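Okay, here's what each chain looks like letter by letter:
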Amino acid sequence: MLLRLFAITSKEVRQLARDRLTFGMIVGIPLMQILLFGYAINFDVRDLDAAVVDEARTSHSRALVADLQATGVIVLRPPSPGLPDLRRRMESGEISVGIVIPHDFERRRLGNDRAVAQILVNGSEPMIDAVARGLASVPLPVRAGDYRSRTPVFEVRTEYNPERRTAVQIVPALIGVILNMTMVIFTAAAIVRERERGNLELLIATPIRSWELMAGKLIPYVLIGLIQTTLILTVGARIFDVPINGSLLDLYLAAALFIAATLTLGLVISTFARTQFQAFQLSFLTLLPSILLSGFMFPFDGMPPLARAIAQALPLTHFVEMIRGILLRGAPLAAMQVPAMKLGVFLVVALAIATLRFHKRLD
Amino acid sequence: MNAVPQAIAPPGEMAHAIRARGLTRRFGHVTAVDGIDLDIPRARIYGFLGPNGSGKSTTIRMLCGLLQPSAGTVDVLGHEMPRDAEQLRTRLGYMTQKFSLWDDLTVSENLQFMGQVFGLPAQRRRARVAVVVEEFDLASLFKQRAGTLSGGQRQRLALAAATLHEPELLLLDEPTSAVDPQSRRDFWESLFDLVARGVTILVSTHYMDEAERCHELAILASGRIVAQGPPQQLMAEIPATVVEVEAADTVAARRALVQDESVLSVAQLGTRLHVLIDPATPEPENRVLQRLRAASVAAQSTLVRASLEDVFVAATGFGRAAGARPQG
Numbered sequence: 004m005l006l007r008l009f010a011i012t013s014k015e016v017r018q019l020a021r022d023r024l025t026f027g028m029i030v031g032i033p034l035m036q037i038l039l040f041g042y043a044i045n046f047d048v049r050d051l052d053a054a055v056v057d058e059a060r061t062s063h064s065r066a067l068v069a070d071l072q073a074t075g076v077i078v079l080r081p082p083s084p085g086l087p088d089l090r091r092r093m094e095s096g097e098i099s100v101g102i103v104i105p106h107d108f109e110r111r112r113l114g115n116d117r118a119v120a121q122i123l124v125n126g127s128e129p130m131i132d133a134v135a136r137g138l139a140s141v142p143l144p145v146r147a148g149d150y151r152s153r154t155p156v157f158e159v160r161t162e163y164n165p166e167r168r169t170a171v172q173i174v175p176a177l178i179g180v181i182l183n184m185t186m187v188i189f190t191a192a193a194i195v196r197e198r199e200r201g202n203l204e205l206l207i208a209t210p211i212r213s214w215e216l217m218a219g220k221l222i223p224y225v226l227i228g229l230i231q232t233t234l235i236l237t238v239g240a241r242i243f244d245v246p247i248n249g250s251l252l253d254l255y256l257a258a259a260l261f262i263a264a265t266l267t268l269g270l271v272i273s274t275f276a277r278t279q280f281q282a283f284q285l286s287f288l289t290l291l292p293s294i295l296l297s298g299f300m301f302p303f304d305g306m307p308p309l310a311r312a313i314a315q316a317l318p319l320t321h322f323v324e325m326i327r328g329i330l331l332r333g334a335p336l337a338a339m340q341v342p343a344m345k346l347g348v349f350l351v352v353a354l355a356i357a358t359l360r361f362h363k364r365l366d
Numbered sequence: 667m668n669a670v671p672q673a674i675a676p677p678g679e680m681a682h683a684i685r686a687r688g689l690t691r692r693f694g695h696v697t698a699v700d701g702i703d704l705d706i707p708r709a710r711i712y713g714f715l716g717p718n719g720s721g722k723s724t725t726i727r728m729l730c731g732l733l734q735p736s737a738g739t740v741d742v743l744g745h746e747m748p749r750d751a752e753q754l755r756t757r758l759g760y761m762t763q764k765f766s767l768w769d770d771l772t773v774s775e776n777l778q779f780m781g782q783v784f785g786l787p788a789q790r791r792r793a794r795v796a797v798v799v800e801e802f803d804l805a806s807l808f809k810q811r812a813g814t815l816s817g818g819q820r821q822r823l824a825l826a827a828a829t830l831h832e833p834e835l836l837l838l839d840e841p842t843s844a845v846d847p848q849s850r851r852d853f854w855e856s857l858f859d860l861v862a863r864g865v866t867i868l869v870s871t872h873y874m875d876e877a878e879r880c881h882e883l884a885i886l887a888s889g890r891i892v893a894q895g896p897p898q899q900l901m902a903e904i905p906a907t908v909v910e911v912e913a914a915d916t917v918a919a920r921r922a923l924v925q926d927e928s929v930l931s932v933a934q935l936g937t938r939l940h941v942l943i944d945p946a947t948p949e950p951e952n953r954v955l956q957r958l959r960a961a962s963v964a965a966q967s968t969l970v971r972a973s974l975e976d977v978f979v980a981a982t983g984f985g986r987a988a989g990a991r992p993q994g
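In the order they appear, the protein sequences are chains A and B. Residue numbers 4 to 366, in this note's numbering, belong to the letters of the first sequence in order. Residue numbers 667 to 994, in this note's numbering, belong to the letters of the second sequence in order.
Wrong hints could be hidden among the right ones.
Unchecked claim - Some, not all, of what chain B presents toward chain A, calculated at C-beta under 8 Å: (1) 734; (2) 757; (3) 767; (4) 768; (5) 775; (6) 782; (7) 783; (8) 784; (9) 785; (10) 815; (11) 819; (12) 850; (13) 854; (14) 857.
As the list claims (entries may be wrong) - Label-pair ranges, simulated between beta-carbon atoms: (15) 810/B - 333/A: 27 to 35 Å; (16) 816/B - 280/A: 27 to 35 Å; (17) 862/B - 358/A: 40 to 48 Å; (18) 309/A - 810/B: 39 to 47 Å; (19) 251/A - 843/B: 52 to 60 Å.
Claimed, not checked - DMTMM-like, lysine to aspartate or glutamate: derived pairs with alpha carbons at most 25 Å apart: (20) 764/B - 834/B; (21) 363/A - 834/B; (22) 764/B - 803/B; (23) 363/A - 752/B; (24) 764/B - 875/B; (25) 809/B - 775/B; (26) 363/A - 700/B; (27) 764/B - 832/B; (28) 363/A - 199/A; (29) 764/B - 878/B; (30) 764/B - 910/B; (31) 363/A - 878/B; (32) 764/B - 846/B; (33) 809/B - 22/A; (34) 363/A - 769/B; (35) 809/B - 852/B; (36) 809/B - 366/A; (37) 363/A - 741/B; (38) 764/B - 57/A; (39) 363/A - 109/A; (40) 809/B - 846/B.
Read the hints as simulated data drawn from the structure, not as lab findings. All values reported here derive from a predicted model rather than from experimental measurement. Glycine included, each C-beta is placed from N, C-alpha and C at the ideal position.
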């Protein structure tokens, strides 16, 4: 029994080591993704091109513009003579933000009933819209001698990620996304490939048991998954300064559980797909909802009930919850029992489906 | 998972390696195998001869338990199939039609792997690998990847892998379809060596010369067995008289002969024609000559022994619909 398990595992490792392309993907996919996600998906929008129409031209209006610039969110381009010119520059895409300070700025500033100035935002890009709207909360400049000071009512502090860096939110969950992507495809393809090449017909005519065949094929990929986890963690910590607050053991335990769950998902797919191409398509079919619904990019709380229900059935949802807890909040694995149990349930159910569907027969 | 003790089946029932009754397999509304009966004796080479799509592979797959029969019963080495398929695995050797060992593993790794999968302990595995490497002349290819082997080399490797665990019954699905004539000859030598050791071999082929080497033969057409028996007997009992015609203008000769109602089929072999004639026809060689003279074709004719190809043509309905003519 152990001999056959070992036979399958060592054959799989040998074949993997000889398949340069697949071997490259094991390292290449995580590296490419973490760099892409870490750099390109950046919710801290900075240096938006902006222009000012200052009709008031007072010291206060100049102070306000200086404060806006000091946020770092905008970079000032040459000012515009009037509103029509500002609109044209926004239309052409030269600027994303326009600041209009009306000629009655001083009067508005002293009164309390009307907005003192206007910010025009290019609403065609969602991130810019959200961020530029934040500019509106910049308080009016307070100067010595001012009889009115506007201090903000609340001070906002962002816990666990005080600088509100996107990488900190993205990278831990990215471990899950990358594992989800590679593990499902690798296992599904590993079994379907043998079916496609005719190896499976020979294998099922031997005394090998279904579970030995499946387990033997999965073991190398568990190791590969842990290697990928290490790779992403290292790059995340070195390049994007992602903190590792929890215990590494807890982290690897959670990762191993998630890897097992995604591998069995791959197994289930392999029992449906007849060709490697079908296996890839089915894998991507499960990947997209995982990325969109797991809470990796969009907050889970804002989703309609159906989307939440689907998310509950996806292993990535539970892993994202666990990994953020362990990595960022330093929570022990024991505090993550609920998502861990849900992952476990997924694992058992998927394994049962795969075993029931895999027959040592051709029909 | 271990080999079932031989004593399970009483020796009397072990006279046959395979016995099938009414074996049928349907795929949707296509009947690939249609109620075949088989009695394959032990320590013999039994051949399946038939064109592509005649149901050879499907039958072999049912016999080794990879496909579930739609109807009928199968008994292999005294066990009911497919129920006991797993118990029989170590006693069967199966060689698939397509090369199905691993292209990216070496000859040695492939053999090691198959030995492990069949549960041979390390010592026996080493010994067996050494034996088959010697037997199938694989020593010089030992470290070569299977994907780089020639057709004949691959097939030697596949047979080595299939016999590594010393099965009592070998099922070979068109083993020589991608192999040169010399390799085919060597391959058949190996099969006779195995049979001499008591192994039963079921081999499918579409080569007449290979079929003629079998101890016993079943000719398959459209999922049915249309003739069954030792090749010599099949050739002797062919339900037709065979006349060989040598003519200068074979095309005209052929055209003239097919119009005769006693002529069942005409096949060309170089400058000669093999004419199958209704056995009830008196003086068939003269009748052929008369017919040719009437068409003013110069020719000579001789009565000859039927070849296996003639048997095949007769059994598959003389080029008409299979089974249209009752078998002798």
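So, going through the hints one by one against the coordinates:
{"no.": "1", "hint": "734", "in the structure": "6 Å, holds"}
{"no.": "2", "hint": "757", "in the structure": "10 Å, violated"}
{"no.": "3", "hint": "767", "in the structure": "7 Å, holds"}
{"no.": "4", "hint": "768", "in the structure": "6 Å, holds"}
{"no.": "5", "hint": "775", "in the structure": "7 Å, holds"}
{"no.": "6", "hint": "782", "in the structure": "3 Å, holds"}
{"no.": "7", "hint": "783", "in the structure": "5 Å, holds"}
{"no.": "8", "hint": "784", "in the structure": "6 Å, holds"}
{"no.": "9", "hint": "785", "in the structure": "6 Å, holds"}
{"no.": "10", "hint": "815", "in the structure": "15 Å, violated"}
{"no.": "11", "hint": "819", "in the structure": "17 Å, violated"}
{"no.": "12", "hint": "850", "in the structure": "21 Å, violated"}
{"no.": "13", "hint": "854", "in the structure": "22 Å, violated"}
{"no.": "14", "hint": "857", "in the structure": "19 Å, violated"}
{"no.": "15", "hint": "810/B - 333/A: 27 to 35 Å", "in the structure": "55 Å, violated"}
{"no.": "16", "hint": "816/B - 280/A: 27 to 35 Å", "in the structure": "30 Å, holds"}
{"no.": "17", "hint": "862/B - 358/A: 40 to 48 Å", "in the structure": "43 Å, holds"}
{"no.": "18", "hint": "309/A - 810/B: 39 to 47 Å", "in the structure": "57 Å, violated"}
{"no.": "19", "hint": "251/A - 843/B: 52 to 60 Å", "in the structure": "56 Å, holds"}
{"no.": "20", "hint": "764/B - 834/B", "in the structure": "22 Å, holds"}
{"no.": "21", "hint": "363/A - 834/B", "in the structure": "21 Å, holds"}
{"no.": "22", "hint": "764/B - 803/B", "in the structure": "21 Å, holds"}
{"no.": "23", "hint": "363/A - 752/B", "in the structure": "9 Å, holds"}
{"no.": "24", "hint": "764/B - 875/B", "in the structure": "21 Å, holds"}
{"no.": "25", "hint": "809/B - 775/B", "in the structure": "8 Å, holds"}
{"no.": "26", "hint": "363/A - 700/B", "in the structure": "24 Å, holds"}
{"no.": "27", "hint": "764/B - 832/B", "in the structure": "22 Å, holds"}
{"no.": "28", "hint": "363/A - 199/A", "in the structure": "15 Å, holds"}
{"no.": "29", "hint": "764/B - 878/B", "in the structure": "23 Å, holds"}
{"no.": "30", "hint": "764/B - 910/B", "in the structure": "38 Å, violated"}
{"no.": "31", "hint": "363/A - 878/B", "in the structure": "34 Å, violated"}
{"no.": "32", "hint": "764/B - 846/B", "in the structure": "16 Å, holds"}
{"no.": "33", "hint": "809/B - 22/A", "in the structure": "18 Å, holds"}
{"no.": "34", "hint": "363/A - 769/B", "in the structure": "22 Å, holds"}
{"no.": "35", "hint": "809/B - 852/B", "in the structure": "22 Å, holds"}
{"no.": "36", "hint": "809/B - 366/A", "in the structure": "36 Å, violated"}
{"no.": "37", "hint": "363/A - 741/B", "in the structure": "19 Å, holds"}
{"no.": "38", "hint": "764/B - 57/A", "in the structure": "80 Å, violated"}
{"no.": "39", "hint": "363/A - 109/A", "in the structure": "84 Å, violated"}
{"no.": "40", "hint": "809/B - 846/B", "in the structure": "23 Å, holds"}
Violated hints, listed in ascending order, are 2, 10, 11, 12, 13, 14, 15, 18, 30, 31, 36, 38 and 39; each of the other numbered hints is respected by the structure.
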